[in-house]
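Enquirer: The primary structure of each chain is shown beneath.
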Amino acid sequence: MKYLLLIASDPSLPSPEPGEDGFDEYMAAWSQFDQDLNEAGVNLGGEALQGAETATTVRHHQGSTTIADGPFAELKEHLGGYYLIDVDTLDDAIGWARKLPVGTGAVEVRPIFPTDEF
Amino acid sequence: MLALLTDRLGDLEIAHDSLQEAYAKGAVTWADAGVPDDAAAWIYVVARNAGVDRLRRNLAEGRRVATNARVLETAVADADAGAVEAAASESRIVELSEVSDEQLRLLLLCCHPALSQDTQVTLTLRLAGGLTTQEVAAALLLPEATVQQRVVRAKRKIRAANIPLVIPEDLHERAAVLTTVLGLIFNEGYLAHAADAETLTRADVADQAIRLTATAADALPDEPELAGLLALQLFHRSREAARTDRDGALVRLADQDRELWDRAMIGRGFRVLAEAMAQRRLGPWQVQALIAAEHTRTSTNWPRVVRYHDLLLTMNPGPVARLARAVAVAEVEGPEAALVEVDQIEGLESYHLAHAARADLWERVGDHAEALRAWDRAAALATNPAEIHYVERRISALQR
Chain A
2 MKYLLLIASD PSLPSPEPGE DGFDEYMAAW SQFDQDLNEA GVNLGGEALQ GAETATTVRH
62 HQGSTTIADG PFAELKEHLG GYYLIDVDTL DDAIGWARKL PVGTGAVEVR PIFPTDEF
Chain B
16 MLALLTDRLG DLEIAHDSLQ EAYAKGAVTW ADAGVPDDAA AWIYVVARNA GVDRLRRNLA
76 EGRRVATNAR VLETAVADAD AGAVEAAASE SRIVELSEVS DEQLRLLLLC CHPALSQDTQ
136 VTLTLRLAGG LTTQEVAAAL LLPEATVQQR VVRAKRKIRA ANIPLVIPED LHERAAVLTT
196 VLGLIFNEGY LAHAADAETL TRADVADQAI RLTATAADAL PDEPELAGLL ALQLFHRSRE
256 AARTDRDGAL VRLADQDREL WDRAMIGRGF RVLAEAMAQR RLGPWQVQAL IAAEHTRTST
316 NWPRVVRYHD LLLTMNPGPV ARLARAVAVA EVEGPEAALV EVDQIEGLES YHLAHAARAD
376 LWERVGDHAE ALRAWDRAAA LATNPAEIHY VERRISALQR
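From first to last, the protein sequence lines are chains A and B.
At the far end of the first sequence sits residue 119, using the working numbering, and the numbering has no gaps.
At the far end of the second sequence sits residue 415, using the working numbering, and the numbering has no gaps.
Everything labelled a hint here was simulated from the structure, so no lab data went into it.
Here the structure is a predicted model, which means the values were calculated and not measured.
Any given hint might turn out to be false.
Calculated cross-link-like contacts (lysine to aspartate or glutamate; reagent style EDC-like; alpha-carbon spacing at most 20 Å) [said to hold, decoys possible]:
1) A/K77 / A/E54
2) B/K170 / A/E54
3) B/K172 / B/D32
4) A/K100 / B/D32
5) B/K170 / A/D35
6) A/K3 / A/E26
7) A/K100 / B/D185
8) B/K172 / A/D87
9) B/K172 / B/D277
10) A/K3 / A/D70
11) A/K3 / A/D87
12) B/K172 / A/E40
13) B/K170 / B/E351
14) A/K100 / A/D11
15) A/K100 / B/E184
16) A/K3 / A/D89
17) B/K172 / A/E109
18) B/K172 / A/E54
19) A/K77 / A/E40
20) B/K172 / A/D93
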């Protein structure tokens, strides 16, 4: 069963920039998570996103579209990245979501619609 | 039964629907032929066959049913083997040995942290407690449609997100959620409201909570808080017969006829609490049970009760806990000291018991005007008929 882990965090919270103290440790934690996912054989891919200030939203309304600056939902927490994993149950997916080195933020766990439903 | 069916059929919704179908068939068949000796086995076999039929239909329609294909294959193969006797003996084995494990898994599923707390409470009563939608609605003072909707949504999420029916790895954490939910159900039954008497008495809800808590505590002997909650429930329930008088008004603990207390239940409470305390991992439910235990003694040791409340406040701070402490203080230092303490608590303006406590304290101090004002406020805020009755009686006694 596939689950998407959507990682959101508050951009106003400080996170280490390249070259700053703690950056290497920060990156190492994410590499370690990647490696753990791979070793468990459940990693279907994941990426970090650039900041929400770089987002563009294409809104559809009854067949026509408008284009606007910014993410589709203005929230305190911004979508920062995702992982797609393949595990047995929600408990396993929650287990991985808990292991993410997010610090302070939130991870939404969403089951992927199974393709064999169709 | 539901837990076992869910396990065998691999799908909670199909198991639940099939079980209801079996009960409906049973009601019709038994009305003519009488209830068979082994009714549970009969229901199990009928429900399982109905479930396998549903699985087959879904399979034929090419719909995905069980998230675990192996479970589905096993269920269909089992049914093809077709041995009703085997299924019947399986059901008997369940009653004897597997029941606590199956029940625990179902309870933990109902109380899965991926479900909202309202849903956890509703599902636990509906699926693990086996109450009807109507009974759950009466117990929680909700419209039936709301209960129905919560159950349908929860089943949909359980299936779509594949919430498993397992003993989880983080069992201790999950047991804490379960304990909270069982505590909420007990409070609904015992303290919060009077249930609709036509469908369900308050005692029924409390009994259901006790039964579920006993099952959970049995299956999880390393969770002393579950046992603490069970002991608390037993102490409260043991006084049920003495809690209201013939007119349905509340009787205060001090005025209760102790002959009406269920001594056997109190004894069971003490045994359960002693076993929990022996683990030396104290928590708020155990402390509340200690306080309730103190109230079952012939003469209550009030200084000790105050100390227990102090301990409870360190674990569970909040205005209601502070109020309970203040009421105990009245018995040690007198009503004036208690009033000072009550008036320092914020956040109880709309809590009827806070006004009732103040009224009682003002009466004991001798200020009837203040007491009447507080009783009036308590009467306006109370919702439970027995409590309203009690407050009205106190008001008319003061006015005489």
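Enquirer: Can you confirm whether the C-alpha distance between B/K172 and A/E54 stays at or below 20 Å?
Expert: violated, 34 Å
Enquirer: Can you confirm whether the C-alpha distance between B/K172 and A/E109 stays at or below 20 Å?
Expert: holds, 14 Å
Enquirer: Taking 20 Å as the top limit, are the C-alpha atoms of B/K170 and A/D35 close enough?
Expert: Judged against 20 Å, a Cα distance of about 33 Å means the pair is violated.
Enquirer: Just to be careful, I want the Cα atoms of B/K172 and A/D87 compared with a cutoff of 20 Å; is the pair within it?
Expert: holds, 18 Å
Enquirer: When you check the alpha-carbon spacing of A/K100 and B/D185, does it fall within 20 Å?
Expert: This hinted pair holds, its Cα atoms lying about 14 Å apart.
Enquirer: Given the hint that A/K3 pairs with A/D87, test it: the Cα-Cα distance must not exceed 20 Å.
Expert: Cα-Cα ~4 Å, so holds.
Enquirer: CA of A/K3 to CA of A/D70, is that 20 Å or under?
Expert: violated, 31 Å
Enquirer: Holds or violated: B/K170 with B/E351, Cα cutoff 20 Å?
Expert: Judged against 20 Å, a Cα distance of about 54 Å means the pair is violated.
Enquirer: Does the alpha-carbon distance linking A/K77 and A/E54 stay inside the 20 Å limit?
Expert: It holds: about 13 Å lies between the C-alpha atoms, which stays within 20 Å.
Enquirer: Does B/D32 sit within 20 Å of B/K172, going by the straight-line distance between their CA atoms?
Expert: holds, 16 Å
Enquirer: Are B/K172 and B/D277 close enough, with their CA atoms no more than 20 Å apart?
Expert: violated, 43 Å
Enquirer: Quickly compare the C-alpha distance for B/K172 and A/D93 to 20 Å and report which way the hint goes.
Expert: Roughly 16 Å separates the two Cα atoms, so the pair holds.
Of the hints listed earlier, those the structure fails to meet are numbers 2, 4, 5, 6, 9, 10, 12, 13, 18, 19, in rising order.
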